[in-house]
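There are 2 protein chains.
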Amino acid sequence: MRVTSFSGVDIPHFGSIIEPVELELAFQNDQSFISRFERSLKGKELQIAVLAPQDPSLQYSLQKILPPITMAVLSEQVRQLLPNRKITVRYRDTKCSSTDGPLAAFDFYINHTADVFLGPMCDYVIAPVARYAGRWGIPVLTPGAQAEAFRHKNQQYSTLTRLAGSYSLVGEGFSKILALFGWRHVALFYHNYAVGSGKGHSLCHFTLGTVFTALNSTPVYKSFDETQEDRIDFHGALKSIAAKARIVILCASPPKVRDILLAAEDLKMVSSGEYVFFNVELFTNLRKGYMPWHDANATDENNERAKRAYEALLTVTVRPPPDSTEYMAFDKQVKELALNKFNFSFGDEPVNPFVTAFYDAVILYATALNETLANGGSITNGTDITSRMWNKTFQGITGNVSIDSNGDRNADYSLLDMDPKSGAFHVVAHYSGKTKSIIEVANVSIHWPGGRTTWPPDTPKCGFDGSGCPSKSM
Amino acid sequence: MRVTSFSGVDIPHFGSIIEPVELELAFQNDQSFISRFERSLKGKELQIAVLAPQDPSLQYSLQKILPPITMAVLSEQVRQLLPNRKITVRYRDTKCSSTDGPLAAFDFYINHTADVFLGPMCDYVIAPVARYAGRWGIPVLTPGAQAEAFRHKNQQYSTLTRLAGSYSLVGEGFSKILALFGWRHVALFYHNYAVGSGKGHSLCHFTLGTVFTALNSTPVYKSFDETQEDRIDFHGALKSIAAKARIVILCASPPKVRDILLAAEDLKMVSSGEYVFFNVELFTNLRKGYMPWHDANATDENNERAKRAYEALLTVTVRPPPDSTEYMAFDKQVKELALNKFNFSFGDEPVNPFVTAFYDAVILYATALNETLANGGSITNGTDITSRMWNKTFQGITGNVSIDSNGDRNADYSLLDMDPKSGAFHVVAHYSGKTKSIIEVANVSIHWPGGRTTWPPDTPKCGFDGSGCPSKSM
Numbered sequence: 001m002r003v004t005s006f007s008g009v010d011i012p013h014f015g016s017i018i019e020p021v022e023l024e025l026a027f028q029n030d031q032s033f034i035s036r037f038e039r040s041l042k043g044k045e046l047q048i049a050v051l052a053p054q055d056p057s058l059q060y061s062l063q064k065i066l067p068p069i070t071m072a073v074l075s076e077q078v079r080q081l082l083p084n085r086k087i088t089v090r091y092r093d094t095k096c097s098s099t100d101g102p103l104a105a106f107d108f109y110i111n112h113t114a115d116v117f118l119g120p121m122c123d124y125v126i127a128p129v130a131r132y133a134g135r136w137g138i139p140v141l142t143p144g145a146q147a148e149a150f151r152h153k154n155q156q157y158s159t160l161t162r163l164a165g166s167y168s169l170v171g172e173g174f175s176k177i178l179a180l181f182g183w184r185h186v187a188l189f190y191h192n193y194a195v196g197s198g199k200g201h202s203l204c205h206f207t208l209g210t211v212f213t214a215l216n217s218t219p220v221y222k223s224f225d226e227t228q229e230d231r232i233d234f235h236g237a238l239k240s241i242a243a244k245a246r247i248v249i250l251c252a253s254p255p256k257v258r259d260i261l262l263a264a265e266d267l268k269m270v271s272s273g274e275y276v277f278f279n280v281e282l283f284t285n286l287r288k289g290y291m292p293w294h295d296a297n298a299t300d301e302n303n304e305r306a307k308r309a310y311e312a313l314l315t316v317t318v319r320p321p322p323d324s325t326e327y328m329a330f331d332k333q334v335k336e337l338a339l340n341k342f343n344f345s346f347g348d349e350p351v352n353p354f355v356t357a358f359y360d361a362v363i364l365y366a367t368a369l370n371e372t373l374a375n376g377g378s379i380t381n382g383t384d385i386t387s388r389m390w391n392k393t394f395q396g397i398t399g400n401v402s403i404d405s406n407g408d409r410n411a412d413y414s415l416l417d418m419d420p421k422s423g424a425f426h427v428v429a430h431y432s433g434k435t436k437s438i439i440e441v442a443n444v445s446i447h448w449p450g451g452r453t454t455w456p457p458d459t460p461k462c463g464f465d466g467s468g469c470p471s472k473s474m
Numbered sequence: 001m002r003v004t005s006f007s008g009v010d011i012p013h014f015g016s017i018i019e020p021v022e023l024e025l026a027f028q029n030d031q032s033f034i035s036r037f038e039r040s041l042k043g044k045e046l047q048i049a050v051l052a053p054q055d056p057s058l059q060y061s062l063q064k065i066l067p068p069i070t071m072a073v074l075s076e077q078v079r080q081l082l083p084n085r086k087i088t089v090r091y092r093d094t095k096c097s098s099t100d101g102p103l104a105a106f107d108f109y110i111n112h113t114a115d116v117f118l119g120p121m122c123d124y125v126i127a128p129v130a131r132y133a134g135r136w137g138i139p140v141l142t143p144g145a146q147a148e149a150f151r152h153k154n155q156q157y158s159t160l161t162r163l164a165g166s167y168s169l170v171g172e173g174f175s176k177i178l179a180l181f182g183w184r185h186v187a188l189f190y191h192n193y194a195v196g197s198g199k200g201h202s203l204c205h206f207t208l209g210t211v212f213t214a215l216n217s218t219p220v221y222k223s224f225d226e227t228q229e230d231r232i233d234f235h236g237a238l239k240s241i242a243a244k245a246r247i248v249i250l251c252a253s254p255p256k257v258r259d260i261l262l263a264a265e266d267l268k269m270v271s272s273g274e275y276v277f278f279n280v281e282l283f284t285n286l287r288k289g290y291m292p293w294h295d296a297n298a299t300d301e302n303n304e305r306a307k308r309a310y311e312a313l314l315t316v317t318v319r320p321p322p323d324s325t326e327y328m329a330f331d332k333q334v335k336e337l338a339l340n341k342f343n344f345s346f347g348d349e350p351v352n353p354f355v356t357a358f359y360d361a362v363i364l365y366a367t368a369l370n371e372t373l374a375n376g377g378s379i380t381n382g383t384d385i386t387s388r389m390w391n392k393t394f395q396g397i398t399g400n401v402s403i404d405s406n407g408d409r410n411a412d413y414s415l416l417d418m419d420p421k422s423g424a425f426h427v428v429a430h431y432s433g434k435t436k437s438i439i440e441v442a443n444v445s446i447h448w449p450g451g452r453t454t455w456p457p458d459t460p461k462c463g464f465d466g467s468g469c470p471s472k473s474m
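Heads up: the sequence lines are chains A and B, in that order. Going by our numbering, the first sequence opens with residue 1, and the numbers climb by one from there. Going by our numbering, the second sequence opens with residue 1, and the numbers climb by one from there.
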């Protein structure tokens, strides 16, 4: 068993550090590290238990989410909300396993080391942990649990607060965006794991499933398994979609979206101006001046063709973080802390929405705990603390965060379009999860493909096969 | 909180009672009763934790399985295997809930009151409990967990021993039975919950799914939701099946099987002698002289017609218990104990296969524990004890019980046919899970429908539509 201790280290700080800080990392010999970080203060303690996988390839790995949690714990805001309270952060690797995750939660519970759980993140871990935590009366705050099942909190997930919206909210947002243009007739074309792969359905399946539900039905839906098929016949698939739809919602990895759009360009679907494609990017904050069509390994000619193809694409993402100095400082400090304390480099990727959500989770919990204490309650009353987090709007690191009366964040989504000159994507409208309405961005407009000045209809005037108009020869 | 205590009660006993026995029932105010039964002896303790639902409508409710567990604990056999060891049995109501079940297991674990788990029974409870118990090194013995997923024990269910076979074994047995008659081309017609009912798939779906797998494929499969549809169009369904198959495997509740066979009789499928029906009854021990066609509420005429219809039916069940005096005494004592100590009346139903399996579970565990102790091991070494239960054949209450090297019982199944004179079903052959072979019963033969002396082919000589033979007019 290796134990590494630091005392009084100079942690890069976002808020003020009030006291010398002690950071202690203990690697257990079972390979799942338990670690502890304490904001040393006299007085009572708040024990935060973080449950997430350690696999750095995941957007919500411990290495990525511990820095914002640390920063929130050290922030001026939390110091004011919870004066004279020692805060201890412990974390465990769930391995995204339905055995390891719940057993880690059990350990925290029996050792009385969890006043609140941050995470877990993987659905098969959240489900049991949030069920048990409900019985234990311990709040669970996670930007995961976006599936529909987690919306039902009376029976099963009574202390679960969802910090990053849900797939069904994406569906609602999409239907509002489509309604802007009078589109009801759309096709869904997305990545899903093949039947028999043992992997269940993909996130794309769940996400677009809510679009299907929100629209009541949809004329065409097709899926492909991007992990199994090397060369998928996108030409053939697009031709069959073209026989039934003009508006196509895609969900796949960025390289596959590029392949699909290149195939569409090849089929003259882009230059005709008759087609509009959407794609969905929920788990990344897009870099400023994002150019998804550009592939460093492709030829200039191929990139030029891809750029033309992307003229027909609109992208739906989580609302991008603000450009503020405060947010820039946050982004920078997260990366420094990750590198210095968790040996992880973000590279030049912007921090993702899970990172900001975990910062906000600490602020929200501290706000609610402060209220519970002010009302004579105790830190052990997780049900009361949970109820104070619901139906609340507060200032998070990316702006206002609104939690609805069911304990789910009214997440905002944005619609991005490409400037055909620069090739960079920029926001043209937002969807507000709170007001359920579209807010258009002033002084920008969507560039429609094929030289159109306005959007195409979802059904061609003469029908998909032209049979709706009299033949010219008549 | 009500507490009822008995001391030195005269429990009806199957084996010898060695010492005065203490039975204590404590009803917790959360409605989930925790109870304790002890075979009081000086010396070290064996703590048995029973996890099952309390709902008496279920075949494996606590009221039905605690009597055989009690009797096994008190038996001469266990006394000899574990001399000088106090045995405490505690039980908890899992409510078949994926929250209550695991939390009950967790309570046993943290209180150090489980050397072994008997149960749980419901799949959604077994899955987490068996995962956690594997990590805790606590053996789990259950006649549940018949689904395919529980076969894989290396990763997830390392201490799970399955006492009542599995659906895949039923599939194997069925394919051997069908092969006896050269039948490969069959139809499956069964109860399944409707999509959107939120109930997932039925046991019939899982059971017949293994037949599908064992046969590689099947020409026709149709399902109906017997819980939702009051009047199902069995005539229509049978007509469409008749266009594609002659051998039909049914799985449904006994009244629905009767409805289907009456419809078949009406369509002359029985009198033609061309059709053979099977049904599957895995969870009940059929009464001696079982007459499933008889409905006390039906007219004599209807019952006569049903009896004729059942001439076309063969039934696959778990192998019935023996007629021995020992087994009769067991059956009687289970019922007396259930009535006297657990306030539950079996009525005149035979005890079901889960009841006998729990008796056997205690014998098997005690045998393995005895071996572990004799080899210098300890009761806390659940992995060693588990390995000694696997690849073992022992004398259970219904005869030899064989556990394979994967820790799954080589369950036996039986084929029953109706004597057309008496109307009673009787065993005509057994399938041995251990030898994977059919054992025909001497001096009995199957009565084929429609006056045939031998079985019909699975495909009519002239094809299903008669087109395979030259027309008579030619």
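To be clear, the hints were calculated from the coordinates, so they are not data collected in a lab. A few of these clues could be false.
A pair counts as met if it fits within one copy or between any two copies, since identical chains are not told apart.
[Claimed, not checked] Heads up, simulated SDA-like pairs for lysine to any residue below, C-alpha to C-alpha not over 25 angstroms straight-line:
#	residue 1	residue 2
1	K95	N154
2	K199	Y124
3	K86	E45
4	K199	F212
Hints, verified against the model:
Only between protomers do K95 and N154 lie at most 25 angstroms apart by alpha-carbon distance; the minimum there is 17 angstroms, versus 28 angstroms within a single protomer. In this homomeric assembly, K199 and Y124 come within 25 angstroms of each other (Cα to Cα) both inside a single copy, at 12 angstroms, and across copies, at 19 angstroms. In the homo-oligomer, the alpha carbons of K86 and E45 lie at most 25 angstroms apart inside one protomer (4 angstroms), although the nearest pairing across protomers, at 44 angstroms, exceeds that limit. Taking the closest pair of Cα atoms, K199 and F212 come within 25 angstroms of each other both inside a single copy (22 angstroms) and across two copies (22 angstroms).
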